[in-house]
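Numbering (my numbering) for the sequence shown: 1 to 408.
Because the hints were derived from the structure by calculation, they are not lab data. This structure is a prediction, so every number in the text was calculated from the model and none was measured. Just to be clear, a hint being listed does not mean it is correct.
[To be verified] Lysine-lysine pairs mimicking DSS-like chemistry, simulated, CA-CA at most 27 Å apart:
1. K248 - K221
2. K164 - K248
3. K238 - K248
4. K164 - K238
5. K221 - K238
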Amino acid sequence: MSINNLLAEEEGRGDADGEKKRNLKETALFVLRETGILLRETFREWSRDNASQLGAALAYYTALSLAPLLILVVVIASTILKDNAIQSEIVAQTRNAMGEDAARVIQTILQNAHMSGSGILATVISIGMLMFGASGVFGQLKSALNTVWEIEPRPDRGVKGILKDRLISFAVVLEAGSLLILSLMLDTFLGVLSNQISVWFPALPGLVRMIVLLRTLQTVKIFVSFTVFTLLFAFIYKTLPDAEIAWKDVWIGGAATSLLFTLGNMLIGLYLGHSSIGSAYGAAGSLVALLVWVYYSAQVFFLGAEFTQVYANRYGSRIVPSDDAVQVVRQRRSRHEIFEMMRPSLIATGQTGPEEDEKPLPSAGETATGEESGRRRSLIRYGSIAAAALSLIAGVIVGVRRLREGRE
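Model the full assembly from the supplied sequences, consistent with the hints where possible.
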């Protein structure tokens, strides 16, 4: 092979490497730009849908449905675990997530709760009343998600539609209770595992055993919590609202909401644990602390719901109303509708209506077509997965540090 051929080959390799670097740079800039647009649209929708009011309503319904919901969870879980163990674990989880004040409220409810009546008929009636009361919070959650996703049920649904809504709420109650039972069982298993670490590794020094234990348990707990919340939010998004959404969009939205919820609850728990927000309310301070936790957690949840809507409409298969629901027209368009109704009087006085300064949002097919659309969707999915992985690693590091500080 001549020297000229070798030089030409080296030059070709250099051009190929340069092309790869340019493509990588363009891809990174594209992902950053699209991620910025996605986040900006999410926060804009969250602000425009009045999430603060939706969170306040959800906190109120949670206060009314909390007692029957807890009783149902204990009744369902008691078929597998002992009542005392279930109640202790629920109180412990509440204390870790919401603080001591909220844990006292949960403990009081569990201590005073009991299933009244005896016999099969009385038990069935009691469970039915409990399920009806517990489904109230999920009914409000359904209404809030319909508002966030710009959907409302048809006014002519009748009794059949109401019964369908209640049945769906019952299903969500059972699903939430089942996931909580799974979480409690895994926590029990991790507790047994922590006691066996010293038995399995007797030759390791105490410090090494502690580090292995902390890293293992904290990593497993964060992964389990993330997985349970992802399943719960995905099930809620798919079944609760009066909307049709593809499973691929549901899983991405559920994972994003789970990530936001996990990290947000860490910050909310730190805030409630180091603040005296309930001290000004006297005897009602514990309940106020619980409502504050529900309110801020609802804001995080609605932010995840807005992310799911923006992602599905921009990159996914879009969110459309179900057969017994309709799309809600944005309030911003009512300004033009008002001038349309006033047009005869405006023409008579020689006035004109407003300019069409707002255009309807483009459809999913208009945002990108062909190869560009497929590239955009794949890049955003990979970017979301990478961001979730990085955030999960950061959560593991923060959790390990908190456990070390607690042990010291």
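Hints the structure fails to honour: none
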